[in-house]
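Trainee: Residues per chain are reported as follows:
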Amino acid sequence: MRRHNLPRAMRLLAPTLAVIIAGACSNFHPTDVKNPNLTDQQFLNTPAAGAAWLRGTQRQFLTTLNSVVQNSELVSDNYFNNYTTNNQQFDAPNILYIDPEVTSIQNAIARLRYMGTFGLDSVYPRDPLVTVNDRAEILYYRGVASLWAGEMYVGLPAVANGEVVDWKTHLASAIADFQQARTLSTDVAAKNSYTLAIARANYRLGNKTLAVSEATALLVANPTFIRNATFDAVNGPSNSMQGVLTSSVNNFQPLPRLDFLDPKYPNRGTTVVSPIAFLKAEEAHLIIAEGLLSDNNLVSAKDRLTQLLTLVKSRTVEAVDSRLQLRGRAGGKTNYPNTADSKVSFAVGSPLLDGFVLARTATTMVPTVSGTSVTAAQIAAAATIDDAQYLLYLMRQEIFIAEGRRMADLGIRMPVAQTEIIANANTKDGATYTLAVIPSFIPTAFGMDGFTYDATAKTAIMKFDMNRVLVANKTASQIFPFK
Amino acid sequence: MEQRFRWPLVCIAVLAALGQATPALAQAGGTIVGKVTDDRSGVALPGAQISTMVDTKDRSARSDQDGQYRLIDVPAGSRTVTVRMIGYAVKTATVTVVAGQTATLNVALAVRPLDLDAVVVTGQGGEISKRRIATTVDVVSREVIEASPAKRLDELLQTTLPGAQVRMTSGQVGTTSIMRTRGVTSVSNNSTPVIYVDGVRMDNLNTIATLGMNVSGVRAQGAATSAIADLPMDNIDRVEFIPGGAATTLYGSDAANGVLQIFTKRGAAGAPKMYFEVRDGYDTPQTQFNFFKATKDLIYRNGRTQQYSAGVEGGTNGFTYSLSGNVRASETQRVYGDNTAFGFRSAVGANVGNKGKYQGSFSYNETDTPRFRNGNAGGYTSLWVLEAGRSSAFGFNNNIDSLNATDAAALKTFVNNAERLQNNRVFTRSFQTSQRLDFDPFPSVKAHVTFGVNNRFSKERAIVTNEFLIATKAYPAGTTDRGSISNYERSFTGFTFEAGAQHTASFGNDLSVISSVGTQLFRNDDVQVQYTATNVRDGQETLAGAGVTASTDLAYRVANYGIYGQSNISWREKYTVELGVRLDKNTAFGANTGAQTYPKVGLVWALGNEDWLRKLISEKYLSDVRVRAAYGVAGQFPQPFANDRTVAINSFNGQQAATFGQPGNRNLKPERTGTTEVGVDLSFLQERITMGLGYYSSRTVDALLNAPPSPSTGEVSQITNVGEIANNGLELRATVTPINTPNFRLSLNASYNTLNNKVMKLGGTPPFAISGYGASTVQGMVQEGYPVGFLRGANAIFDATGKITEIKQLAYLGKPMPDKFGSFGAQLGIGSRFTLSMSADYQFGGQTQSFDRAFRYLYGVAGTDGYVPAAALAQAPYNGSRAAIWQQVMNLWVEKSDYVSVRTITADYRVPGKFLPSVAKDMRMSFSVTNPYRWAASSFDPETDLSSALTQGGAAVGGYNYATESSPRSFILTLRFGF
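Protein chains in written order, with the numbering used here: chain A, 10 to 492; chain B, 2 to 980.
So here's chain B without its partners, still in its complex pose:
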């Protein structure tokens, strides 16, 4: 099926928007220069925006590497200069400018946690102050990013996005996580937000690919490769995140889960500034949840991690550049877990004429990581064998802490061989480029064109040797024909194009209107290939010469394109109205589905600017208050090609065999999530206390269900828009600065979110599983009236003596999604050079099922007798058989997944210049510990609960503790030298 769009019209529109450029007249005047610094540390702040009003229009500049700035052609007279920087309070100062002369104005900025004046762009069609936006926008600043020891983006976001929940569901490097904000809006699409880097949409696959390596049994339910894990982390300037709802309306059919945008450093004018950074440390396992002490020494170790980064940036007024690169080698906590990564990124900015600016960036990175058998891979799966008592299957006493020396040595040899001979690797290679051209044809109009490409290639390769199979007792000694090689390649190419213009108009001093229009297109090509061989001779790493080879491939392609418009109308910045709309088409829609319209409306009332309020409460006590409300719709498009009715051709005994493919759906359309949100932003005591109180309620209609057909049709499942899902919750966040003296500054932050998620309608389709195992164990279900992915299985009711009185089959056992979650942290600054910080997150009200515990019982590990009441085990029909009873008491294997986890503790010190060699300008030294402490209500690690999306891009909520390792505890020393 082909779908076409009137693409030439878009081209003309862009041309028209850009063709307006005309030269403007230069004005004579004076110059303002100065330096922008952090008020506590005195460190220069590059990238701050310095502006002054000239004829009702901003004249602005950005500070360079050394914090220096220069505003030219400023008309003579007394001028008010405003300085803005993400993460700092806006500061204004007055300076007198004399024509032909240079005035100096140095500005020291104070850190400001809840920065209402920050200028953001994501979801707005252009730059706009947060003060005028009715929706939540979170910004993670460069300071926070540089101070974080996180190795991957989602890890960084765990404690830096107050309204998001991010969990690393496996400790294996490079595997999928669960990321979500505002609940789960879909049972067919993953909750991971869309990710942009410098305006270019990235591969955000955070589930298995359709064709992929299986080291987890039910493949998705274990360590699957994630595209999020290898997003480049160096040289990030800031991250903006907008949750799904009115904030993401301008992204149309792609944004119900929110949009995360990464802005990379572009360099700032000034002499070349270089840095060199060393990170050295080691990972060690979190063993507190291990059942056996022996497990630690059998498969874990203290593995060293080294990372070296270097970069240079600088430029002139008309040209800036930034170049950085890094290389990492990590042994990880797993014996034989060595992995490597390297990457580099470059960015340039150049003036184009005197009204335009070009910005381009390019990044490339590679990773190479091993993968270990986990989840329900069966056979030899280390944590199943050791922690779940399965070692008895291999001839060992499964009470591995009480083995005699001979048996312990035999087990160690067995495990070491099995670990050593596993050869599963994941190799990724990705590049991304973003090209952006800004034109300001008139003082009131800013136009831009952005285009770019992201290509991510991943190759997963599993080599199973005969030696491994014999060592793990899967085949008898002497076997030579059972070796296999499985290769899975996925190539994702995403192309993004966006053109837009923003117009600012002021009517008198009171009314200002900022309007944006634009067009956006993205196209994703996801091509996957699988080629495998069996009967392979040990040592062979290619398919050549194998007894049997086989291959298959598939492709997902989708193009999404639309136009948007938005108007932000503000009266004295007291009363602001936002109106916006996006019209969207997408090739994954059915033939009967036309363009989709996504509207939004927002209201902001800046109470703090009201004179009457100021008469009641002084700014000294209630520094600022703002009330906001918004409603907006965002969508989520269906999986590509699910709209077409197809015939599947299979290779069968060397010939073509045709069968029914997917039934097709000509009415397929996006899921539409309408979100209403209200909030209050408050700051007290001159911003010593800031708070954001919000509530959202969203309703997803036309939810896509991959619903089972009635079996008598003989059809396979087909996605249809028949569901309805509701989410609502509170979003509270606060920052308190109880101490702020020249020598000490203590800042505390916390967030608290609630989540109510419920499937409202299934449109007549039967309940179905989106995760889990057989119906006789436990499955994550979708059913009307229940939260997405709730756990279902046999629920045994016991009497006072421990006997089972009733077993409710296929009963509700719990839900993986928590009721409450959030993060908290503290930063203590001592003097101007030393900072101690801590960050943590928590969840309450969720449940997770533990196969590890169930299997320990099943396999009769000592100390597990109490897991099931003895009276129940003794009663008929179980008659003492653990095999007969363990699946009838699935509720006993479900535990509360409450946890509080300290993610990082970091001590950071800026070494004084007098201790540095003359070549170094500055040096920063920090020491951090990740995952130093975790409290959990469960007997296992509740964070490590598998990502559980059964299909590519499918919904995932976790909920299973099954032979999977926790994230490591890491100790990292960072030395960063500036030259």
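Excised from the complex, chain A in its bound form:
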């Protein structure tokens, strides 16, 4: 190849140009890329990070609550999944550890717990603005995570990738957090909620004395106590149970004998979402009454149930535009009775009763905190412990409907998810915790949601009266915590 001799000027000019160009280029950075999102270190160094983290934890509580409520309601006899979205297997109930929802609920619970721990260990220590009440609240939310783990699961790891610990240990952790929160807090209303939460955890553990004493303390402090879970209509999370109860396709259809309680969470427009009464004084009465019945104190138990009835009757009943809830109008999988003259029977051979199915109008009256079909006369007529226990569990079911409580009352527990088994070396496939607990007295194959409906005669006869089934099996270890 020929060599080309560069002119002398070029020999001088080229390096000069190179320097100039290099300088110019160094001021342009086409490869600079900045992440517009906040890294964790950036966040921890911002002022008032603790308050933002607490709100994030509250928000996570709502997200987890949505997941817990919707799925456990499906598992129970409360609702039939009349649409094709939401988990179909849970409705049967058929709960396998491979089910994505078993994983997602477990993840949501762990995330709430982890948010509490990270807030206490990493965020709060750097933020001087954090108050004792903030500390109490985040302890409370972490306690709720343990409460759900203890109420819903066979067992779960208590720390990331830890060994599986049984449900009782989770409830004990919940109680410890709630107690610490109550000790720290100066907020009276918050302290009451911690008290009721302690009673609830002790109830499930079967600690009758503690449960009853805490429940009694709550009723002394505030006999009409409610701690609502309040959602965000605009940016979410919204109340997902409200969504499935009020959508035009009637995703969740209540068992016809519970129709009068629906929709518990009415659609209130675009800026307001119905809250969920996460903790309410009714629970204290139910705990105390169940304690009395387990002590064979029928008279006091009936008195307690009557007090409970008074409280329930005092709760809000609202006129709801329920025209979209014409059962079966949206062509679901099963047709439901949808007129006020329909009669329901709680089980084959039981009497046909009026008043359980509502006419769906623009002003349907529905209880939005607590409601029950049980009357003072029924309570007065209860002649045996079993009769009273039946009424108590019917009231528990009706009062707590759409709050995600029934699955635990039925003695059903979810297994540790397969995802956990695969990714967590401290767990073992084939262990008992990989199987759900579904007591043998629970009907499968949609039996709990089953009923026969005669559209001409307008009669709906339930296949099973699950509260009768529970009472008949009350000695089973999975149910009736107070033995």
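What follows is a list of derived Cβ distance ranges for each label pair: (1) A:Leu21 x B:Tyr532: 50 to 60 angstroms; (2) A:Phe450 x B:Gly864: 39 to 49 angstroms; (3) A:Asn170 x B:Glu468: 47 to 57 angstroms; (4) A:Lys43 x B:Lys297: 45 to 55 angstroms.
Calculated directly from the structure, the hints in this document are not laboratory data.
All residues carry an ideal CB built from backbone N, CA and C; glycine is no exception.
Place chain B on chain A using the hints.
Mentor: Relative to chain A, chain B alone:
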């Protein structure tokens, strides 16, 4: 996180490469002129390359508009002139040049289907003959593109890329498709190839955007807007495609799925040549797969399509130009489906000094398209309501073919209102510019710099009025506060810069070495905004005055930059060795990940040039044979910002709420796909039969998995490089020309590809879904030992009486990816003016799940009793309940997705000059039918199986038949006048 590159060094390197230009001495000699034409039609061929060797270097020129060329300063003597043109056989001829005089040499070129001598550039760092390349390169010529009635690029490629599979997964205009070659190399990234136009990287998003309109329920699983759909289709000169592997190594971390490069027309020297083209026709629905006859009249129509294009090109020896524009208005097959598009493109070329050339192009286009509810949007979704029996939910008898006149009229009114009141529109606007400077500082060195920008803006807007909600029975009459407006805007800006040089050296007459070096950078900024309003008064189209408004935004930014080098060493063009390497960095890599190295090596043995072979078989029988083998690595970079650990701030009751964002991954790196390929190219009987036989085997390591964490961590999914995916298959293609007489020419082509895809390792992560619905219905899964996206659900086993004996939950039900696929076609030329052509594609060995069929059963449509054995339905615990059984027999809803689809039939005629007015130079008239015939093994259209990528840029393999319409059948008459 910020990452920086030693950018100034690149600047200096470019400067150094370009600064070498020095004037060369002109040589005295003669001139060769002539005209290049098609040997059958006699039509002039612009853009052909005419070259002759002068002092071991090429002297070349390109033919102008009229096929004319001029080679100047050719030394006197007997000269061999070579003429090359994509799609035609190379021709050489000898001419005697006398100093100071002009010699004439006219050349007529013959069409050549498997063109080994074509010069390609994509993936090579510079121009190089296909003969010297060890990997597959497909070229779609201008002739093929102009003759195609395709409205969008992927539609064009359906039958023109023999090794690719392209499926339009929804008939709605402007929606995503599935494009893939050589299987699926990633479960986190989409298989759509990277697309360049004139060297500038384009937006190739062929999935949903993260913020986007939802008219499909599970949003991705339906008609989502695709950036591929609005790539400008006019004025394309040719398309080059290289599949992932050694061919794409020089593209580094961006090219595991292959690279598709579009070259636009630059104009050729000559007097201004204008054209005007009219396309007029109509779309009609493919109704063969409809369950009900009534569906056709309720939502479909024969919709007219008109498109007008015009252009001009020309220039002088030193300056060329090309300008074109088009406008289209289409009613489409859907009632209320009117859509419009327009665009224009310009290009100029100019000599810069006597060693340089500038080429610039610019394009702009807009589309405006409606979108209809589909997939599992629920509520009123026309095809679900009509075809899947859901009309019962709205108070109709769902056997819609047997309605009495009153009910039929009521249904028609209901459907028409619902269709009319849907107001979902997609508006796109994009421009692209490419600026390229070529310098040949020495006869042996060619250098170039290319830079350009692509900007694509899309706006999706869904207006849901109270009137619509009341009409579709979602809210009661009198509702005024449920209207909503949802806007989604995405702005993609891609900047591309490339500088490179190619050096050609010959050592004696035997050894030649072509080496290239270069640097490339691209940067993508993808900014998305969502702003929505609820409680909107009907008629309002802006957010002003709405009861509640909300907004959010996000940004993805990534820069990728690297250097490459390649050497192609050939001994007499018999034995060629290719060696190449690319070093790459990317801002999406984790902090602990350094520059990535992608090597390649290729070997070519041109057996046809061996004397010993020629002694055995004459060229008359075995015209050419070539054996090739290559190994190369290409990558796929992770989603931007997935490397950083973040805290997410959410708006919550008017305040900030902080939570864990993504866990982050400091070790994040690209997926690396190593591909080994071997092949033989054969031609027989003087190219009457040409064949390409190939086999590839690829292994993707460090595959990115968006794997679920163990739930006890409470974390969200984080992508990590822990997977391994294998693909292998045969790639066979053949072209046969059984008849080639002056009056008739018949050419047949076919391709056959096989595909074995398997996930080899998941690195300890549990199986996860990349598509589908709930676990209790069907999901597309990623699991070790199975193909990507296989269908999983309940598999019921029946005994001889039809009773269910066992149900395997979460079982394998099939796989959407076929085992075999390909295309075929025929072209018949009668005389020199008439051509009849047909193209088709097919697939075998895949499966698709049909929700439409399942729902028909669930909703008790007449004639569906046999879908599930009666004995199974009767047995406990189902006891006659379709609701209880339909999800336990998901295997019954899965069908074979085999199909053979004739895509186009086109008759093309060049009208003789004597019939034309004096102003027109030529006229071409063609009539084509698209989708005239489809055979399918399934009860539904197996092509329309949703794109199913759940995330932006995510993997998609399809597999669901769910309330989505097929592509239309179109009849189009095209008249093209040349002036």
